[in-house]
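Just so you know, the protein sequences line up as chains A and B, in that order. So the number in this note's numbering is just where the residue sits in the first sequence, counting from 1, plus 259. So the number in this note's numbering is just where the residue sits in the second sequence, counting from 1, plus 259.
Certain hints may be false.
Rough simulated footprint, nothing fancy, chain A against chain B, three-plus residues with beta-carbon under 8 Å [claimed, not checked]: (1) 268-279; (2) 336-342; (3) 359-368.
Think of the hints as simulated: they come from the structure by calculation, not from any bench. Glycine residues also receive a C-beta, built at the ideal position from the N, C-alpha and C atoms.
Number of protein chains: 2
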Amino acid sequence: MIVVKVGGSEGINYEAVAKDAAALWKAGQKLILVHGGSSETNKIAEALGHPPQFLTHPGGMTSRLTDRRTLEIFEMVYCGLVNKRIVELLQREGVNAVGLSGLDGRIFEGRRKEAVKYVEGGKIKIHRGDFTGSVERVNTALLTLLLEAGYLPVLTPPAVSYEGDAINTDGDTAASMLATSLKAEALLLLSNVPGLLANFPDESSLIREIPAAKVGDPAYMAVAQGRMKKKVLGAVEAVQGGVGRVIFGDARVEQPIQKALAGAGTVVR
Amino acid sequence: MIVVKVGGSEGINYEAVAKDAAALWKAGQKLILVHGGSSETNKIAEALGHPPQFLTHPGGMTSRLTDRRTLEIFEMVYCGLVNKRIVELLQREGVNAVGLSGLDGRIFEGRRKEAVKYVEGGKIKIHRGDFTGSVERVNTALLTLLLEAGYLPVLTPPAVSYEGDAINTDGDTAASMLATSLKAEALLLLSNVPGLLANFPDESSLIREIPAAKVGDPAYMAVAQGRMKKKVLGAVEAVQGGVGRVIFGDARVEQPIQKALAGAGTVVR
Numbered sequence: 260m261i262v263v264k265v266g267g268s269e270g271i272n273y274e275a276v277a278k279d280a281a282a283l284w285k286a287g288q289k290l291i292l293v294h295g296g297s298s299e300t301n302k303i304a305e306a307l308g309h310p311p312q313f314l315t316h317p318g319g320m321t322s323r324l325t326d327r328r329t330l331e332i333f334e335m336v337y338c339g340l341v342n343k344r345i346v347e348l349l350q351r352e353g354v355n356a357v358g359l360s361g362l363d364g365r366i367f368e369g370r371r372k373e374a375v376k377y378v379e380g381g382k383i384k385i386h387r388g389d390f391t392g393s394v395e396r397v398n399t400a401l402l403t404l405l406l407e408a409g410y411l412p413v414l415t416p417p418a419v420s421y422e423g424d425a426i427n428t429d430g431d432t433a434a435s436m437l438a439t440s441l442k443a444e445a446l447l448l449l450s451n452v453p454g455l456l457a458n459f460p461d462e463s464s465l466i467r468e469i470p471a472a473k474v475g476d477p478a479y480m481a482v483a484q485g486r487m488k489k490k491v492l493g494a495v496e497a498v499q500g501g502v503g504r505v506i507f508g509d510a511r512v513e514q515p516i517q518k519a520l521a522g523a524g525t526v527v528r
Numbered sequence: 260m261i262v263v264k265v266g267g268s269e270g271i272n273y274e275a276v277a278k279d280a281a282a283l284w285k286a287g288q289k290l291i292l293v294h295g296g297s298s299e300t301n302k303i304a305e306a307l308g309h310p311p312q313f314l315t316h317p318g319g320m321t322s323r324l325t326d327r328r329t330l331e332i333f334e335m336v337y338c339g340l341v342n343k344r345i346v347e348l349l350q351r352e353g354v355n356a357v358g359l360s361g362l363d364g365r366i367f368e369g370r371r372k373e374a375v376k377y378v379e380g381g382k383i384k385i386h387r388g389d390f391t392g393s394v395e396r397v398n399t400a401l402l403t404l405l406l407e408a409g410y411l412p413v414l415t416p417p418a419v420s421y422e423g424d425a426i427n428t429d430g431d432t433a434a435s436m437l438a439t440s441l442k443a444e445a446l447l448l449l450s451n452v453p454g455l456l457a458n459f460p461d462e463s464s465l466i467r468e469i470p471a472a473k474v475g476d477p478a479y480m481a482v483a484q485g486r487m488k489k490k491v492l493g494a495v496e497a498v499q500g501g502v503g504r505v506i507f508g509d510a511r512v513e514q515p516i517q518k519a520l521a522g523a524g525t526v527v528r
């Protein structure tokens, strides 16, 4: 089993991802796709007159402020536009894909964090009424049912809270928890960069390999900026949780999955 | 088994539909929900600067012109906004719902009608490049798998073409084919009117019952205007195909499903 997470930044080659996933699937490789959709969410949110807002947390992480309207736009793009685009591309390749969010069958379950701490002007403030949260549980029963019946699952945030609310959640972390739950041979985190870069955005500074024990090393964390930081944290958890290897790869190229599996990008083991 | 189709016009009480579906489901009633989303699609399409266009066909029916951009907006609203809203409402009621489009697992399969005939200025013209089609096959295997495992399916257009393209399709017809495939005891077509009206939009002119043999009667067809016409045609097919009864009911009220099952609205048997 391999879990392939495809980011939602500009430049992702969805056609290549779907074609490559289909080739592997037809060759007998069990896999699950997880995807994002942040850059298209930003565009649609702007176009609908509800521009994206991001909160910087006390720890330095940023997240999307998700009020009810933002959640609806998020669902439109992630569950509608991007999820069905990928399912359609797979169906065209002859693979019987099934697109699901974390709400469906409670696949990604977690705690809603209604009150979110953020930093503004050096002060810590609290935003209330947010629809965000962290995945704490992956319900693999539905996924196993689908896989055994020959369907390729294509998963996306939002997750579901224990009370049944939709919650915006980090897709990389969800994919990491999924790979851990399934004890996957590999977790691929594909985005619009070749992997983990020592000098971001200099693509020639690609880090080829990180020994698992050193993933949490401050030296590696220092080079991981912005969203890449979350990716590294996800890798730590996955490798510690029993995933064979985590690979940060490039989703802009042809055969992005096979190239990552062959060692292109940053390999964490 | 009952199939409940909830329309996509203004005024639908989704909370009431979900609450009612949950109550029946918990009492052991197997059911599948199918929904529309046309009025919200129109609003989002307007807001995104790609206003809806409708084609009038030579037979008098109208349908949404579905170019690629329209299809994307359609998927955002039907598969994202509306589908996940209903799934979330059911999850809040403690029902483990799974939202799927006709693309997912090829649930609703049909032929893409790329060239669509329409009437303009008294002349018959052809629009090419459309992503529409009619459902010809319902793949019940995935639905049976989900139902037997305790999941409530929440289905929506688009359907999938035999080549794997997403196709905009009429939700009522899809629900009717689904009910027929499952030999459902009842097919409920709930919208923002109390049922079939002899003098539309006079709600006091509700037709209480139509004997199945008379569904195709020109007298009944004459009173069925606009989209209601498609509903009547769907009822003909369903009853002829072995569905116990078809009920046109009101989705604006509390307990809309139980009221329709109790005989409110127009009953076709």
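(request) Go through the numbered hints given earlier and state which of them the structure violates, listing their numbers in rising order. (result) The structure breaks only hint 1.
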